[in-house]
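For the protein sequence lines, the chains are A and B, in the order given.
Positions 1 to 364 (our numbering) are the ones given, in order, by the first sequence.
Positions 1 to 364 (our numbering) are the ones given, in order, by the second sequence.
Simulated from the structure, these hints should not be mistaken for laboratory data.
Any given hint might turn out to be false.
Copies of one chain are not kept apart here, so a pair can be met inside one copy or by any two copies together.
[What the hints assert, rightly or not] Below, simulated BS3-like cross-link-like pairs (lysine-lysine); rule was C-alpha separation at most 27 Å, straight line:
#1 329 / 42
#2 34 / 18
#3 230 / 50
#4 230 / 309
#5 255 / 157
#6 230 / 306
#7 329 / 230
#8 329 / 128
#9 18 / 110
#10 153 / 44
#11 287 / 34
#12 223 / 95
#13 128 / 105
#14 77 / 95
#15 105 / 306
#16 33 / 306
#17 48 / 255
#18 306 / 18
#19 349 / 230
#20 18 / 33
#21 349 / 225
#22 223 / 77
#23 48 / 287
The chain contents come next:
Number of protein chains: 2
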Amino acid sequence: MTNLRIPGPTPCPDEILKEMGRQMINHRGPEFKKILYDITDKLKQLFKTKNDVFILSGSGTGGLEAAIVNSLSPGDKVLSVSIGVFGDRFSAIAKEFGANVIELKYEWGKAADVAEIEEVLGDNPSIKAVLVTHNETSTGVTNDLASISSVVKKSDKLLLVDAISSLGSIELPIDEWQCDVVVTGSQKGWMVPPGLAMVSVSEKAWQANIDATIPRFYWDFAKAKSYLEKGQTPWTPVVSVFFALNVALDMMIEKGLDSIIANQARIAQLTRDGVKALGLALFADEKYASNTVTSIAAPEGLDVLKLLKILREEHDTVLGGGQQHLAGKIFRIGHLGWVTEEDINMVLKSLIIALPQAGFEASR
Amino acid sequence: MTNLRIPGPTPCPDEILKEMGRQMINHRGPEFKKILYDITDKLKQLFKTKNDVFILSGSGTGGLEAAIVNSLSPGDKVLSVSIGVFGDRFSAIAKEFGANVIELKYEWGKAADVAEIEEVLGDNPSIKAVLVTHNETSTGVTNDLASISSVVKKSDKLLLVDAISSLGSIELPIDEWQCDVVVTGSQKGWMVPPGLAMVSVSEKAWQANIDATIPRFYWDFAKAKSYLEKGQTPWTPVVSVFFALNVALDMMIEKGLDSIIANQARIAQLTRDGVKALGLALFADEKYASNTVTSIAAPEGLDVLKLLKILREEHDTVLGGGQQHLAGKIFRIGHLGWVTEEDINMVLKSLIIALPQAGFEASR
């Protein structure tokens, strides 16, 4: 089997792929209703929230669009905290729908500066919401969301969180950290194919929703809520991914969230230690290095595209490249969802062979 | 196996379900690129179009939202032609995003009056676009789209078509009928699980797109086009449904579109003849009765909810009920996508037993 080590889609266990192949059912019948309620309950448990949870058919980016259009009105002042491609995307969505966006951008590879966020919030009392990426997939950096939340909540702002590649893999107790809208995606830590964005919506987010005038239809939380009350989704859902997610959540609950998070941390450490032992340097500030994706700075002489091609064609191993201005400058190893120590060891063994072929003499 | 006879999701052949269970791949790698290009080419063939075709991750309603937000600006005058729930939905989306909507509504069960459309277009030269449902799933009526198109095009308006439950099953040559944006969904005639909306976009629609100012991000056709050029989708696609659709399209092309359309017509006629032989009356005007879904008017004494429950629980047969004000007043038999004569005969046999139990004495 291909060692698919990109930060999503992740490989899926056989039990889950088997669910994907189940025959269709009526999405407005009793069987789907039970699945929808079961998944919603299990997600609340793993999200550590009593907030509403909705399962939207679409990608994580659709979930981010939903967070924006359900919470804001054109002209609303928002603070966007960006540390990479996905932070910039969240900001771009807010701008497209007419928000007045103040941007705090950090050097790629670094985490956001909490003191600076506090300062900007203090200087701009009319800010309504803060957009933040919990785990920046493009750079492999995890922001200190607990601290960011504490400054955002001190000034009583709405906190909209892109947790697409963190929730379920990295600590994020939604209620304790008072996150108002949190978005994740099925193809990340959940071991399921892409197709669903799962979002939580707080009471404060619902209050904002009442006044929010950005037009919305497909992504409308109010429609999701009214249909959920009758055990349905407003539009035809990606039924197969619901089947798969239901089983994946059982597996996760059986394993236990704390155990999953600890295991992700252990595998991430193994990855970081392993690449450093090859003489490579981490791209991300190690203090904030992500436990779901490791980014590696391309050393002098290394042809990243060539490396990725050799790994793919000769080692059946798929890693991620760099995005936008990081193309050719970093490569990334995904280790979220279904991943074992052996998967990472195989990547490291392949790197030992492929790195010199791509222009860099690895250690050992 | 359950005889799932709702108008989508439809049952899927084993070969297609097997594809759904395939392991994940990199959605930004060469294997996905090939699948995306293959599917796009095959869809163009079956859509009978040289227009751009995009595959959006979401439901058919997402595709309708895409048609609106990519083509219009707030305040644009549009004519909405509605003959049921889905026509009303298309209109509601346009209103939500700020269009100035003139509504032509027809009694549910009837088709639109082409002469009246022509008249309204003549009286309102500032109309920019016409929204029309080709096949109204809620009532089982197929509009005469060729004639509607000819009056829309005579006055050079943009024609946005909901063909979710018709394209691939009922004649709709997109280029010949000059349809500017056409939307369908994977779970309808395509024999594939839900998860994808497939849309075609004409040159005239692109011209409108340039001036259209409704905000858009997730559903943006321009983003879909620029990513398609590099063999990708802008956001993480529902990979599994792409696998399935690729195989389903091969099966359809092998069978031949004309043969599929003829077969759908034959099965639909069999269904209509069969229910009439039971002493039931069609709800739809038979002249416009749909070849993908048959709606049946509940006769005096029949408890529709009870009928559907008996069929589901005692005959493993799932039919559709009526939506909105048709709840309890009609029931619907879906016969699009993967369907055989035998499937319909089984429904009819079950009805013979279940109808009297639910209050109506069937003939024979």
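Legend entry - Broken hints, by number: 1, 5, 8, 9, 11, 15, 18, 19, 21
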